[in-house]
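Novice: In order, the protein sequence lines correspond to chains A and B. Note that full-length UniProt numbering has the first sequence beginning at 1, numbered continuously upward. Note that full-length UniProt numbering has the second sequence beginning at 1, numbered continuously upward.
These are computed hints drawn from the structure, not numbers from a lab. Keep in mind that a hint or two might mislead.
What the hints assert, rightly or not - Taking lysine-lysine and the DSBU-like style, the derived pairs with C-alpha atoms no more than 30 Å apart in a straight line are:
#1 126(B) x 92(B)
#2 491(B) x 151(B)
#3 245(B) x 262(B)
#4 335(B) x 460(B)
#5 205(A) x 199(B)
#6 292(B) x 491(B)
#7 491(B) x 262(B)
#8 248(B) x 23(B)
#9 248(B) x 262(B)
#10 126(B) x 151(B)
#11 126(B) x 205(A)
#12 205(A) x 92(B)
#13 248(B) x 231(B)
#14 151(B) x 205(A)
#15 205(A) x 231(B)
#16 151(B) x 199(B)
#17 460(B) x 262(B)
#18 231(B) x 245(B)
#19 231(B) x 262(B)
#20 7(A) x 151(B)
#21 205(A) x 23(B)
To be verified - Far from chain A, by Cβ distances over 12 Å, these chain B residues were calculated:
#22 26
#23 147
#24 256
#25 326
#26 377
#27 405
#28 513
Every residue gets a Cβ at the ideal spot worked out from N, C-alpha and C, and that includes glycine.
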Amino acid sequence: MLSFIRKRSVASLISLVGLIVMVFFLSRMTGDPASLFLPVEASAEMKQQFRELHGLNDPLLVQFGRYVGDVVTGDLGESYRKARPALDVVTEAFTWTLWLALITMSLVTSAAIVVGSLAAFRSGGFFDRIASMLSLIGASVPDFWLAIVAIVLFSVNLAWLPTSGTGSVLHWILPIGVLFVRPFGIIVQVVRGSMISALSSAYVKTARAKGVRSGPIIFIHALRNAMLPVITVIGDQAASLLNGAVVVETIFGFPGVGKLMIDSILQRDFNVVLAAILVTALAIFLMNLLIDLCYALLDPRIRH
Amino acid sequence: MAEHLLDVRNLSVEFYTASGVVKAVRNISYHLDRGETLAILGESGSGKSVSSAAIMNLIDMPPGRITSGEIFLDGEDLLTMRPDERREVNGKRIAMIFQDPLSHLNPVYTVGWQIREAMTTHGLPKDAADAQAIRLLGRVGIPDPQAAMDKYPHQFSGGQRQRVMIAMALALRPDLLIADEPTTALDVTVQADVLALLKELQREIGMGVLIITHDLGVVAEIADRVVVMEKGALVESGTVREVYKNPKHPYTRRLIAAAPGKGVMHEGETQGEVLLSVRDVCKNYGAFQALKGVSFDLMAGQTLAIVGESGSGKSTLARVLLRLDEPDSGQAIWKGRDLFQLSPREIYRLRRDLQMVFQDPTQSLNPRMTVFQLVSEAWVIHPDILPRAKWRERVAELLQQVGLSPDHMRRYPHQFSGGQRQRIAIARALALEPRLIICDEAVSALDVSVQAQVIELLDKLRRQTGISFIFIAHDLPVVRDFADQVMVMQKGRIVELGGVRQIFEAPREPYTQALLAASLDPDPDVQAAHRARRA
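Working from the sequences, and respecting the hints, build out all of it.
Specialist: The following block contains the structure:
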């Protein structure tokens with residue numbers, strides 16, 4: 001088990017290093033960093049000054065070495081707009097996004113597993129048909145439309161919930177509710193398909209021959225086997241939330257990393273953009289590691 | 001009249017499928033007493049497994065439906081019980097073991113957990129169940145039962161997995177054990193041990209055993225009485241001896257006649273032209289040595305049978321000879337050239353002379369191609385063999401040669417039975433007029449009666465066209481009526497190589513003798529004599 005974790009961590013680490021290299025060279029390849037980092041209206045002298053200040057006239061490899069050193073020590077530069085370290089700005093926003101993703105995905109996962117499993121248990125039945133239809137709708141509704149409709153309905157017409165911002169528990173309900181829908185629809189479909197094949201497997205027949213009740217057959221015998229493909233999809237969906245639910249965060253004025261990235265790009269706060277890319281990438285690498293661990297925990301054949 | 005332990009009366013089961021209602025079981029009745037073993041004998045599609053699934057309440061409804069009948073267990077009708085009462089019967093009073101223990105054990109839980117669950121489900125406390133599970137694992141012959149508790153199914157061998165299944169089934173000392181083809185997936189020597197264990201445990205617990213099988217040898221070895229099923233109907237029943245010595249129904253007679261190992265053996269001549277000369281072939285997969293220096297000669301127009309249990313390297317040898325896998329060392333001289341040194345272009349030409357037939361015709365035939373397309377595809381790849389205008393005529397000829405009709409050309413593989421599909425695969429192999437066909441377990445997936453026909457067909461082709469065969473099998477009697485030379489393999493080595501008469505009548509090596517002794521004879525008297533000798 002330990003050697004498995006070590007192997008997976010090393011593999012993830014290699015990808016992470018690759019990403020750092022890519023982020024650096026992409027930001028240098030897209031043109032003169034000085035014109036990227038500075039406001040559009042900056043004069044030629046300002047640009048020259050900026051280049052000297054940040055060593056942009058040095059050879060590329062020297063710059064890269066300096067950049068790697070900075071990344072390793074956690075120095076990702078200043079935010080030009082907020083006059084604070086870029087990393088601080090990003091971690092603050094990322095904490096909001098992390099909570100949003102964590103709460104949403106926990107709700108989505110537990111609900112989707114129960115609904116998908118029950119739909120699979122009596123596949124073709126009434127519950128299955130309702131669940132399949134709702135999950136299809138959920139997986140295909142555009143989130144910006146849903147967000148607007150939800151605001152019109154719950155905030156404007158019924159005035160139950162605030163339209164945007166943060167501050168109370170009530171502020172979380174609409175963003176979570178809207179973000180819930182699509183992953184829920186997708187994961188229910190995967191759980192259902194995976195459970196149908198698990199429930200028709202030979203080992204479930206054995207369990208029935210032993211006299212095991214339906215509950216344990218579904219949630220102990222079949223589910224654990226059915227979870228492997230499901231976990232992959234859960235990971236995908238969680239990753240898209242961690243990247244920042246850009247549209248939903250923007251509509252609800254939620255101070256997450258998605259909104260921060262859009263704002264920083266518009267304000268040309270390039271250090272913040274780079275820091276945000278690195279932080280979310282790190283988070284996604286950690287999550288992939290977690291998913292690999294889940295595989296190994298669920299299936300002994302992967303461990304050995 | 002005393003009540004039977006199990007009394008099945010006028011049972012009928014139907015399945016609703018896309019192509020209409022299938023009457024899987026038609027109005028069958030049989031009974032079984034404590035301490036007795038009843039075999040249900042039948043080929044695929046006979047409904048033998050459906051009737052036992054009905055007893056276990058394992059038929060999915062829909063699409064299945066029990067349309068008539070009663071199943072009494074100690075006088076109580078299982079079909080009219082309340083669902084919770086019915087569930088209590090499973091595992092506690094009736095237990096079941098299955099054909100393929102790997103897929104029937106849950107891969108993600110330890111075997112200890114699974115055996116314990118059989119008991120805790122019916123109310124035993126966890127500690128008592130644990131202790132009992134360890135005792136059971138020891139009883140069925142699993143080494144180091146304490147450590148085995150924490151292992152997963154994939155960490156055991158096939159025979160051990162079936163022992164684990166048996167331990168799990170017998171955990172609550174059931175009155176009735178249903179065994180559905182319990183030894184079909186196992187090697188012959190392992191089969192003998194598992195059947196002996198079942199008999200022993202039956203004596204110990206006093207349960208009735210219902211064994212479902214297609215194998216007359218298994219019936220002769222273990223059963224007291226037998227019922228024979230054909231196409232859902234029960235055609236004959238009686239004591240095993242009665243039915244074998246004096247079968248009344250024509251189907252039973254056909255089945256007994258088809259049992260392999262009774263025909264005239266070939267002389268196994270060693271003169272003639274050497275077609276293929278194999279020397280010192282080795283093949284490793286990582287640290288595992290699959291082939292450890294295999295050498296033999298194959299004569300033109302002869303059949304060489306390669307017999308061995310799982311892990312013997314027989315299939316690896318076939319793959320290496322076909323260049324589907326590269327050997328680590330060795331030579332195979334074919335027409336003066338070393339097969340293993342041929343370039344990809346030369347292998348392409350070699351395929352004309354060297355064809356293959358695999359175990360499962362369902363998987364080896366493309367389901368979206370018609371029989372005509374399947375057979376003529378070889379000529380698309382090798383266009384110089386036959387002008388397109390003659391294809392239809394030649395396909396018709398080949399189909400007739402393998403015992404099919406020219407009308408079958410337009411049909412798709414799923415419209416044929418397993419035996420017919422294997423004939424299509426053989427016709428396809430013949431299309432290129434090869435000198436050698438390698439058959440890897442080509443008849444193992446087929447019913448006994450079909451097996452005999454396919455083997456007869458291959459032998460006829462050999463006599464008519466002078467083709468050679470390398471025929472790989474795990475079962476000795478299957479090759480007896482067909483092979484000229486027999487090569488027995490074990491763990492990557494040749495144990496014994498000789499003429500078919502010598503191998504069957506005077507085997508020299510202990511392993512060959514053990515293989516022969518372990519293969520089950522369909523005659524219950526012969527089998528009883530075997531048992532007496534073993535004891």
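Novice: Determine for every hint whether it applies to the structure shown.
Specialist: Structure-based check of each hint:
Proposed proximity of residue 126(B) and residue 92(B) is supported: the alpha carbons are some 16 Å apart, at most 30 Å. A distance of roughly 25 Å separates the Cα atoms of residue 491(B) and residue 151(B); the hinted pair therefore holds under the 30 Å criterion. Taking the CA atoms of residue 245(B) and residue 262(B), the gap is about 15 Å. The hint holds against a cut of 30 Å. At roughly 25 Å between alpha-carbon atoms, residue 335(B) and residue 460(B) fall within 30 Å of each other, so this suggested pair holds.
Distance check on the hinted pair: residue 205(A) and residue 199(B) sit about 24 Å apart at the alpha-carbon level, within 30 Å; holds. Between residue 292(B) and residue 491(B) the alpha-carbon distance is near 8 Å, which keeps this suggested pair within the 30 Å criterion. Simply put, residue 491(B) and residue 262(B) have alpha-carbon atoms about 29 Å apart, close enough for the 30 Å limit, and the pair holds. Under the criterion of a C-alpha separation no larger than 30 Å, the hint pairing residue 248(B) with residue 23(B) is consistent with the structure, at around 24 Å.
Of the pairs offered as hints, the one joining residue 248(B) and residue 262(B) holds, with about 21 Å between alpha carbons and a cut-off of 30 Å not exceeded. Only pairs whose Cα atoms come within 30 Å are accepted, and residue 126(B) paired with residue 151(B) is accepted, the gap being roughly 18 Å. A distance of roughly 23 Å separates the Cα atoms of residue 126(B) and residue 205(A); the hinted pair therefore holds under the 30 Å criterion. Using a Cα cut-off of 30 Å, the hinted pair residue 205(A) and residue 92(B) holds, with the two alpha carbons roughly 16 Å apart.
Distance check on the hinted pair: residue 248(B) and residue 231(B) sit about 17 Å apart at the alpha-carbon level, within 30 Å; holds. Among the hinted pairs, residue 151(B) with residue 205(A) is consistent with the structure: their alpha-carbon atoms are about 21 Å apart, no more than 30 Å. Annotation: proposed proximity of residue 205(A) to residue 231(B) holds, straight-line Cα distance about 24 Å (limit 30 Å). Note on residue 151(B) and residue 199(B): the hinted pairing holds, with a Cα-Cα distance of about 27 Å set against a maximum of 30 Å.
Of the pairs offered as hints, the one joining residue 460(B) and residue 262(B) holds, with about 18 Å between alpha carbons and a cut-off of 30 Å not exceeded. A C-alpha spacing of about 23 Å is found between residue 231(B) and residue 245(B), which places the hinted pair at or below 30 Å, so the restraint holds. Annotation: proposed proximity of residue 231(B) to residue 262(B) holds, straight-line Cα distance about 26 Å (limit 30 Å). Pair hint residue 7(A) plus residue 151(B) holds up; C-alpha atoms about 23 Å apart against a cutoff of 30 Å.
Restraint check: the Cα-Cα separation between residue 205(A) and residue 23(B) comes to about 22 Å, which is no more than 30 Å; the hinted pair holds. Every C-beta of chain A lies more than 12 Å from that of residue 26(B), the closest at about 24 Å, which supports listing it as non-interface. With a cut of 12 Å on Cβ distances, residue 147(B) stays outside the contact zone with chain A, its closest approach being about 15 Å. No Cβ of chain A approaches the Cβ of residue 256(B) within 12 Å, the least distance being about 31 Å, so the stated non-interface status holds.
Listed as outside the interface, residue 326(B) is consistent with that label: its C-beta sits roughly 28 Å from the nearest C-beta of chain A, beyond the 12 Å cut-off. The claim that residue 377(B) is not at the interface with chain A holds, since no C-beta of that chain comes within 12 Å of its own (minimum 32 Å). Once the 12 Å rule is applied to beta carbons, residue 405(B) is consistent with being away from chain A; the minimum gap is 37 Å. Listed as outside the interface, residue 513(B) is consistent with that label: its C-beta sits roughly 36 Å from the nearest C-beta of chain A, beyond the 12 Å cut-off.
Figure legend: structure checked against the earlier numbered hints; every hint is met.
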